[in-house]
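Engineer: Spelled out from the first residue to the last, the chains are:
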Amino acid sequence: MAAMLLRRKTLSAAGLSALALAAATQASAWSYEEAAAPYAGTQISILDEVTPLQEQFAEIVPEFEKLTGIKVNYQLLNHFEVINRGQADMLSGRGEYDAVMAHSLQVGLLMDAGVLMPIDGFLADAALTDPDFAQDDLIDPAFSSLAFLDGKQYSFLNWNYNMVYWARNDLLSDPGEMEAFEAEYGYPLAPAETFDQLHDIAEFFTRKSGETLAGETLDSDFYGIVMEGMNGGGTYVPVWQVFIKNAGGDIFDADGHPTFDSPAVIKGLETWGDLWQFSPPGQAEYSLIDVPTVMGNGIAAQSIAYSDFVLGIDREGASALHGEFVYGPTPVYADGDEYHAAGEPSGYFISTHSKNPEATYLFLQWAAEKKTQAELLSSGVGVPVRDSSWAELMTEGNQLNGLYDAMKASLAGVEATPKAPRWFQISDVMNRIFQQVGLGQATAEEAAAALQSEVTAICDPCILK
Amino acid sequence: MTEISAAPAAADRPAAGESYHRESRWYPYALIAPTMLTLTVVALVPFLYMGWISLHEARYGQIGAFAGFANFEKLLTDPRFWNSMKVAGLFVAIAVPIEFMLGLIGALVLSQRIKFRSVLIPFLFIPSMMAPIIVGLVWKTMLAGSWGFFSYNILERFGILSGSSVFASPDLALYGLIFVDIWEWTPFMVLTFFAGMQALPANPFWAAQVDGANPVQIFFRLTLPMLAPLLVVIGLIRTIDAFKVYDTIYILTNGGPGITTESPSVLGYKYTFDFWEIGTASALAVVIWLVFFVFCNVFYQIAKRRLNVF
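Residue numbers (the working numbering), protein chains in the order written: chain G, 362 to 826; chain F, 708 to 1017.
Since the hints were derived computationally from the structure, they do not count as laboratory data. Even glycine gets a Cβ: it sits at the ideal position worked out from N, Cα and C. A couple of the hints might just be wrong.
Examples of chain F residues toward chain G, derived with CB under 8 Å [what the hints assert, rightly or not]: (1) S871; (2) S872; (3) R928; (4) G965; (5) I966; (6) F980.
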């Protein structure tokens, strides 16, 4: 799979190099002003998700308008709305949006429905494509696993959502807690790198009201770990991508047949389900939005959470614990395992119903340009989509460098969701049955058997080729 | 100054039985035509279209070939559909009678000219005036696990519900939602029944008091029979409305834990916007409509014959 992705990316990069060479002979300097001249005055509508990253991006969108004369109706909706409304718009053929930000989990359905426009034609058009775009700089394997299917390219990489390990540094570095931890577990207290350490830290810090924590008496219960647990949303993401894949397995084989009844799935579910005993009582209600809230409120010691939401908490004025956190890549079972991390690579995809695909393509390209990305990340806050952008972010003295180190390490293991047309049905089953394991209503073995049976009834094979 | 026109001359008057007859024959239809037209456009046409979709393949929202009853077969063999019917049935069976009883008691109390009645009544409007989505958010902030005001300060602090939370517990989540529904709709029942009681004629009550009837006899022999039409209509409306519950479930549990609070409306939303199984979703809507069509007819006949209502 990785080799295939690399080959696709290499071919794509080779194509762009050839294009660059050809362009160099034809024109001395490619510019957005010239490329957009035929489309000046047109209006395009882009639907995106509201997160701190996109709010930052919205501020620089007017620069594209100024540069090209193309008017952009840039709309932001919340995570669930952007999925529902974007899909409804494209699938119904209404075509209100020229491009929609799609998470990789949506791409299989949208490709199967034939509503995503390939961009190969635009890429090959020297008038439209910047020869200096440097597609091979986009972060892999996120980009390659997101943007291509069956030899065609559909997008760039625009948003690189990824999960990191997130813990309370003030607790992990408290001398009293460090001494007590080492005495109990026989090794020094530090951010978890393995699932065993994650479990030990969760167990160690789970305390009842009246007990002490870092020298203070607790007036309410404190929890060792908090994770997503709600039925619906993205509960399944870390369970599958972190706990199961790092156990050496996956939920589909190379041909797309479900493989839930495997030892890796059972091991992953056991490890994840076991952590629920150290979690807040309401974890079965927690979505990806609740987890950072709970961490910011200071009632849990550690978490596995989306790094872009972390950015919303670990900043001045957002949480009293700002500056007290420590980050790392999501844990593994043992050193030397093939590394997998959780994430949701996402990109702008042009709708087949777009009336202005060329102008929209220019926007897609501009959004992922090095210069645009540099400007987007100039505040020192963000999630890069380009390898070269790390240098923009990790400047000397940036308090978030630890988080960026963690992101960079996690992104090395983040792949897009397989292009499964019925992914929403599959993830619905996963969320429901995973949650039952967390709540103690099913054992890992029972869950694996139920998953295999239910998912096979939905599709077999499940992935587009 | 208003001018009073003279009566039309005899020659201008229509011949007896001609235009007056025509006018009286078409006039009522003309009056209800705008309403009927609007209802046809906004309700009947979409419903018929949905019925048509339910008989067709509908992949990703694109209507395909005629599929007969395949969508209905798929729906009726899906355990989630039957689970959702059970959830809604339980929801209605518990919530509506409690709201009904509390509403009646509240209305009787208000009728007793209690102190501060005029202050209390506006407050009773508040829960029912809130959009259901706001009601959901209010109770999320009260009962959310670990950070909800009530959960954090009472349930967890005093160990009443250790190791779980109301909406995270498969055993409690549905009852939590029922509680929220009762909180939201009981005041509406109180006010409606109170308004009904205020509209009852006073003479029979005076006569009953003169004849020496006690309050219990007055309630069962006079108040209840005279209120019966209102009680039946409100009970029917509330039953239908409770069965359709969606917003509060979506906000508070999204149908979970597992599928323990997944009502037909939540399932229909998932079929439509998560799974894009528009055919199955349409079949679900048709089945729910049929269930209520039968239920309302049976209810109507019983109310008409046994209670002499309608």
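Engineer: Of the hints stated earlier, which fail here?
Structural biologist: 3
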